[in-house]
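Spelled out from the first residue to the last, the chains are:
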Amino acid sequence: MDTQSVANEVIKSTREKQAFSIIALIRNEYFLYLVSSAAFVLLWHWVAKEQILGKSLATPYDVVKELGRLMTIKLAGKNLFGHAWASTQRILIGFSLAAVVAIPLGLFMALNRTVNAIVKPVFDLFKPMPPIAWISIAILWFGIGEPSKVFIIVIGTFVPCLLNSYNGIRLIEPELYDVIRSLGGNRRHEILQVSFPAAFPAIFAGLQISLSIAWTCVLAAELVSARSGLGWIIVQGMKLTKPELVIGGMLIIALVAWLTTLLVSGLERVLCPWKRHIEGL
Amino acid sequence: MAYEEVKVQTPLYLKILPVLSICAFFGSWEFIVKTGIVPSTMLAAPSEVIKLFIVKLTDPNPDGAVLSQHAWISLKEAGIGYLLSLLVGLPLGLTMGWFTTVRGLFRPVFELIRPIPPIAWIPLCIFWFGIGLWGKVFIIWIAGIVPCVINAWVGVGMTNPTLIQMARTYGASDWQIFTKICVPSALPMVFGALQIALAYCWTNLVGAELLAADQGLGFLISMGRRLALPQMVVLGMVTVGIGGAVIGVLIDAVEKRLLAGIRR
Amino acid sequence: MEKQKNVHNKIVCTDIGKTFIQKGTQQVHVLEKISLEVHDNEFLVILGPGQCGKSTLLRIIAGLETPTEGQAFLDGKLITGPGPDRGLVFQSYMLFAWRTVMGNVEMGPKLNGLPKKECREIAKHYIDLVGLQGFEKHYPHQLSGGMKQRVGIARAYANKPQVMLLDEPFGQLDAQTRLFMEKETERIWQTEKRTVVFVTNNIDEALILGDRIATMTGKLPGKMGPVYKVDFERPREPTDMEFLKLRHQITEASELVL
Ligand SMILES: Nc1ncnc2c1ncn2[C@@H]1O[C@H](COP(=O)(O)OP(=O)(O)O)[C@@H](O)[C@H]1O
Ligand SMILES: [Mg+2]
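Chains as they are written, first to last, in our numbering: chain A, 1 to 281; chain B, 1001 to 1264; chain C, 2001 to 2258.
Treat the hints with caution; some may be incorrect.
[Unchecked claim] Chain C is faced by these chain A residues, among others (derived, beta-carbon under 7 Å): (1) Trp-46; (2) Glu-50; (3) Ala-99; (4) Val-101; (5) Glu-175; (6) Val-179; (7) Arg-181; (8) Gly-184.
Keep in mind that the hints were calculated from the coordinates and are not lab data.
No residue lacks a Cβ here, since even glycine has one placed at the ideal position from N, Cα and C.
All chains should be built: construct the whole structure from the sequences, respecting the hints.
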């Protein structure tokens, strides 16, 4: 079920019967999207033009122009795509490292009480600590190069990856194991045929959460110290007092972060075609 | 009778292992620093951290404030930003879930802001507000508003359509249905949002303070790095962690209270 | 009388008792002194109200629970654990959501190490038997309740068990589908005879399907009530004279117990 629209189903069906009118138009969602987008851009333009916030806001036009410029010229040896890729690359590395360790560990903890009794208390110590708080320690340990950025991302994405694979297994209906056992399967079959596939959607949910945390982490790390990446672009904009560079950087971050989210949900759709109908989302 | 009280024990080793594991963790931490396996310029032993904690309770040097003041500043920023984000985010999300007009007007902007990590706003915040209180409040506000809107919106969307239909047959207006049916049935999701938003606010607060602050726990951490005092870094991290845990427990308790009042 | 002496007892339960521990501290006495015999190739129905321990009894026979008192035997051998000789069908279907109909049905043969091609053939055969041909590639969420339970039945059958154990398999279906599925069950059973233990709380279902009906009494701990022989001809109709007479008799008796 499409959760967002259920509550409005009733409204929509009554509305469909109405003839075309101005009222129907201003109540049309897509028309309103258009109006509000336009209004937003115009307002933004006006505020920037009249310098209501001082010189610290650039007009949309300036931002687009700046983005166009960044695509062609090189800043610190990389053009815009280079910097976007630098950030994405850090995320991919840190993210995969964390996933490779945390997901199996979470599965183990859920499947084995002894492992759980050993790992869970230490994990619970680290859990409430915001990953960004690790930046200083990371710099002390690894300097300001790539490893410290990857480290932050690993720390940040580790928690949701582990928690979700752990809970994914613990929330499995125990009778599903009975099915395997009554069909003649053993403990190994229970784990391979039920635990893993049934935890899959939860693991993917964990990956999505991790991904947004990873973007926060990589930006924080790049804002503190970096020579490339989208965070660095923003910092450049700040240092040079060029709001168009800052806002352009933010827009590109939004775009790339959104694209990576799409990538993960696309992967999920391919890997578990049965999922979206079950969770109702 | 069919029901009887009995005592069942969890195996002893499952009770001891967690304690052992925590002890082993702190023990080996102390050990690797004290024996110099990890140089003391990179990591501080737990005992050092406790020592510094006691000192920082009263001594504002070298970072300009005692620990409680840093903590208070952070709490204040997080609290104001969080409350503001609830104040704006929840009504916005709830109305976006029910009124097409509201959704049509706000969704494009919301979708634009949603994927931007809140700390990416830091440079703009510094332009607009400087590095004082309100810049950080703004970042936390942005951080908290996204989960609030999403959860309230989805919560309204999960209202049982039969209830809405029923209300319609009784002649209820859109507004009445919204306040009497949609909002109550969205409450569980809204409470979920309170928690998610708070955790998210706390994370981003630390980020904001690391980058732009002259007081606060995040500032303490980054001063620790600049002064090459690992025990100060760890002290800041631990305080932030404890703060996060305490807030989580509090919200949990409040949520249980409130939800218990609503459901049965 | 003469005929009865020759029947072979497939399953024998002797004075089974079961006590659960709930929430770590509470002991619940669920079954008390349950004795039961199930004959070879017989369709035995266990009839009882909700929460009287029917599922628990069935799970003990399946080997998924161990009784705290007494024993259960299959072919004279003590039941110590689950095995492919007993197939279980669950009230809430319990299909593998991540597998297609085919994947679900061929699970049993696969777990028992049969070659891939053979698994396919067996699964295909039973999918056809339960009338799901054409739905092999569907996922469970694409099926209706009745179809889901057909998959559940085919999955249990595909393992070629000697005994089928069904736990209120049609409890979640609407009355119409339920009646239809009962007819189907009868047809499937007559095509491939097995010993069947069928748990239900619906007296009409019991009378349509059972060779014998073993009743259980309500309230915990559940105890065995009288056993009725249903010896009128199949297919039975709920409007037959004999049907109504036996129905009346069972209702009277169980009301006395309650
Ligand atoms: N694994 C279990 N642990 C604790 N209590 C159980 C367990 N299984 C069943 N029970 C209890 O046994 C009682 C009877 O359950 P059940 O056998 O499912 O009855 P029925 O199938 O007749 O409805 C219930 O009250 C339930 O709480
Ligand atoms: Mg039952």
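| task | Let me know if the C-beta of Val-101(A) comes in closer than 7 Å to any C-beta of chain C, holds or violated. | result | 24 Å, violated
| Should the hint that Gly-184(A) touches chain C count as held when the rule is a Cβ pair under 7 Å? | This hint holds: Gly-184(A) lies near chain C, its Cβ roughly 3 Å from the closest one there, short of 7 Å.
| Interface restraint verdict for Trp-46(A) against chain C (beta-carbon cut-off 7 Å) | 51 Å, violated
| task | Double-check Glu-50(A) for me: the hint is only fine if its C-beta lies closer than 7 Å to a C-beta in chain C. | result | Given a least distance of 56 Å, the restraint on Glu-50(A) is violated.
| query | Minimum Cβ distance from Glu-175(A) to chain C below 7 Å? | reply | 5 Å, holds
| query | Is the interface hint for Val-179(A) satisfied, with its Cβ closer than 7 Å to some Cβ of chain C? | reply | 5 Å, holds
| said: Given a cut of 7 Å on the nearest C-beta pair, is the interface hint for Ala-99(A) held or broken against chain C? | reply: Violated, about 20 Å.
| Hint check: is the beta carbon of Arg-181(A) less than 7 Å from a beta carbon of chain C? | 4 Å, holds
Against the hints set out earlier in the document, violations occur for numbers 1, 2, 3, 4.
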